[in-house]
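Listed below are the residues making up each chain.
Protein chains: 2
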Amino acid sequence: MAERGNLIVGQSGGPTAVINRSVVGIVREALKHSGIDKILGACNGITGILKEKFVDLRSVNEDQLDQMAELSGAALGSCRHKPSEEDCERVFEVFRKHGVHYFFYIGGNDSALAASIVNRIARDRNYELRIFHVPKTIDNDLLVTDHCPGFGSAGRYVALTFLGNDLDNQALPGIKIDIVMGRQAGWLTTTAALASEREGDGPHLLYFPEHPKSLAQIIADIEAVYRKYGRALVAISEGILGPDEQEIVQSNAIREEAEKLVGKVFVEWLDKFGEVMDAGGGSKKDAFGHVQLSGTGILADFISLVVKAALNPKFGGKLRMRADTLGYAQRSFAGCVSKPDAREAYEVGRRAVRYAMSGDIDGSVVINRIESGDKYRVEYSLAKLSEVAAGTKDVPAEFFNSAGNGVTQACRDYLAPLIGPLPKRARLSK
Amino acid sequence: MAERGNLIVGQSGGPTAVINRSVVGIVREALKHSGIDKILGACNGITGILKEKFVDLRSVNEDQLDQMAELSGAALGSCRHKPSEEDCERVFEVFRKHGVHYFFYIGGNDSALAASIVNRIARDRNYELRIFHVPKTIDNDLLVTDHCPGFGSAGRYVALTFLGNDLDNQALPGIKIDIVMGRQAGWLTTTAALASEREGDGPHLLYFPEHPKSLAQIIADIEAVYRKYGRALVAISEGILGPDEQEIVQSNAIREEAEKLVGKVFVEWLDKFGEVMDAGGGSKKDAFGHVQLSGTGILADFISLVVKAALNPKFGGKLRMRADTLGYAQRSFAGCVSKPDAREAYEVGRRAVRYAMSGDIDGSVVINRIESGDKYRVEYSLAKLSEVAAGTKDVPAEFFNSAGNGVTQACRDYLAPLIGPLPKRARLSK
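Residue numbers (this note's numbering), protein chains in the order written: chain A, 1 to 430; chain B, 1 to 430.
Calculated directly from the structure, the hints in this document are not laboratory data. Computed from a predicted model, the values in this text were never measured in an experiment. A few of these clues could be false.
[Claimed, not checked] Chain B is faced by these chain A residues, among others (derived, beta-carbon under 7 Å):
id, residue
1, A220
2, F266
3, V267
[As the list claims (entries may be wrong)] The list that follows gives simulated cross-link-like pairs (lysine-lysine, DSS-like), each with its CA atoms no further than 27 Å apart:
id, chain 1, residue 1, chain 2, residue 2
4, B, K82, A, K339
5, A, K314, B, K82
6, B, K339, B, K318
7, A, K314, B, K384
Beta carbons: idealized from backbone N, C-alpha and C, even for Gly.
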């Protein structure tokens, strides 16, 4: 039997379209258990606990809970703070002071790590704390679980953006490049592939951090697609690397190549961009001393202008070239949720409370895929906090095609049930 | 009684989320009239007519019509070609050759102009042609009509993006700038305002081409909002102008100001960007000889980095600053349609055919708002092609607040029924 006491739930890291559903799942389940007294939300995650800033979730009415669940963002506020050992000590003290015996932390692997440290402290002090990590990340990179709540909805947004961009590009043909979130792994970029139903549909090329590329290779790929279909839609992970495995807009290999292929001015432009970032303050430098240019529109502009400069002369100077950097809407657009993702985000919250109330002391909620395809079905279990905290999950090598510029059927089969069914394209015979 | 004959429908200009509904409205209505023989779609608008490239729409089955209506893009293909007098002569010849007596052209004011020229030629030759312009543009700038099919869905996408970005920014506070489509007018940027339900909600500031601004003014506005709310969400039209009424990234006034406020490197960066655009080929120059930088990420990067450089020292160098350029998804996202917009886009197509079959010879279909608010209701009528072709409609002056950095209640009342109801925000008392 669990100790009678108060409950705290917190949200951490980048918001998603469904992270509030996990909060609501936790609250609605907690309301059923008489052993739980106060139900508190930590304002801005662990930083709110450190400052003892809470919101009373027991008093929130049903309509408000429904509205919270419906919307993206992180209703309790979030944080990017990776707590130190001292912070975790302080968190424990706050818990003891407020009679908190249940803690649910919704976030990525840093959140699982924080939970596991607080957990250890509580055990050392013989304080009964039931502490659970509730998975959340559009990056889909948590260990153990089949996939992460938040990823399906972000992937659905990306797939629908690419579907729309492809239909647009069919209507007014040209080369279109879209930069997709994902600094460390290509997970989210893989979802763009679902927009393509069959040969000839875009996106025609996908590039991932896992497969470093030279400019020459990218240009050659795009030229081949453009010659074949008269157009090209290209998805590029923001974390794409050059041949020296450095981010493209930082890479010395890419700079040398750009200077040779399209002129020194492209390199001077990157350097000038670095100077401007520096003038803005707070810029970071990479191993080469280049100012880091991530989080700007430079990657889309750089690749599209290099490709245009390289290919335009071959096509009579009339290449129609556009590039977009898909932005924060990928994780926050207020009108795009994958139904299975929405359901699972709620469920991981609800299950966490049930685990806590039925004898489990700690853990991270795991989604296990039991059946895929049309019969897609999952079950839930618990992993050790330390297992989930230990690192991140890569995209399996067999999800990429051999050229490293597309995905395999195995990848599509994995993704499809997470993103949910997409609208079918009409096919007019012209 | 109309002449028995064939029908052609074409799509022109930038695709929208609902332009295919107008095609389907035309086809379904045309199928009811025995005086219409072939129902042809012109591939890529007027360019398809010039090349006699058509698709048979009578043979398209119901499922395909439904799927076409559901999706964004322009299923027949579109074009950016503004036809010359000679082109229009040739179009008429093609019509005569193919026995076409009904022509429906879905597009903006250039399409209305093309229709009116072909119309004049047909009259001169005593050839009976029933020719109708079916309105379409996310820019909402057609004359006579209350609003344009396509605008409501694009506006809904923009409003949902801002709602999501605002919830995200509430969870992880900082300054967020989003660039919205609209080179000539601020129509689409006004829709961002609907994301804000009440004081304190973002977007907190909106900037429009209609209200030129200095960098100092933008920076001062953002600083004031940031001091008040600890965060700021800002919507900026891509067509925003500097004090000299030139596009901001081209403006000499802005360059002088940037050099003074944040350093010469910002101006050198813009110049370097111009050199790179030039190297890509096909660049255009403005009156000052600057290469035009539109269609890139530079506006978002320039404004956000200027604001950061100016304000960061005042906030301990810890300003969290992000900027996105909302891209083609604004007109093409495959999962966001305003219901009234979808209905009206279908209806303007259907009505055009009914006008053609019931005695009207030519015209542009007009949407008249009969009631607004919850009882929103429209009726349809016809305007002269020449009236609609004559120019573009400005955002009324009374839709902007006196500071030119926000909208009035009159504007919100105009927009709300076009965009459709938005999800309500949950309000937790913290």
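Status of the hints after comparison with the structure:
1. Hint on A220 (chain A) is violated. Least Cβ distance to chain B is approximately 18 Å, over the 7 Å limit.
2. The beta carbon of F266 (chain A) comes within 6 Å of a beta carbon in chain B, closer than 7 Å, and the hint placing it at the interface holds.
3. Nearest Cβ of chain B to the Cβ of V267 (chain A): about 10 Å, over the 7 Å cut. The hint is violated.
4. Using a Cα cut-off of 27 Å, the hinted pair K82 (chain B) and K339 (chain A) is violated, with the two alpha carbons roughly 44 Å apart.
5. Straight-line distance between C-alpha atoms of K314 (chain A) and K82 (chain B) comes to about 26 Å, which keeps the hinted pair within the 27 Å bound.
6. Distance check on the hinted pair: K339 (chain B) and K318 (chain B) sit about 43 Å apart at the alpha-carbon level, beyond 27 Å; violated.
7. With a C-alpha separation of about 45 Å, the suggested pairing of K314 (chain A) with K384 (chain B) is violated against the 27 Å cut-off.
Going down the numbered hints, you'll see the structure goes against 1, 3, 4, 6 and 7, while the others check out.
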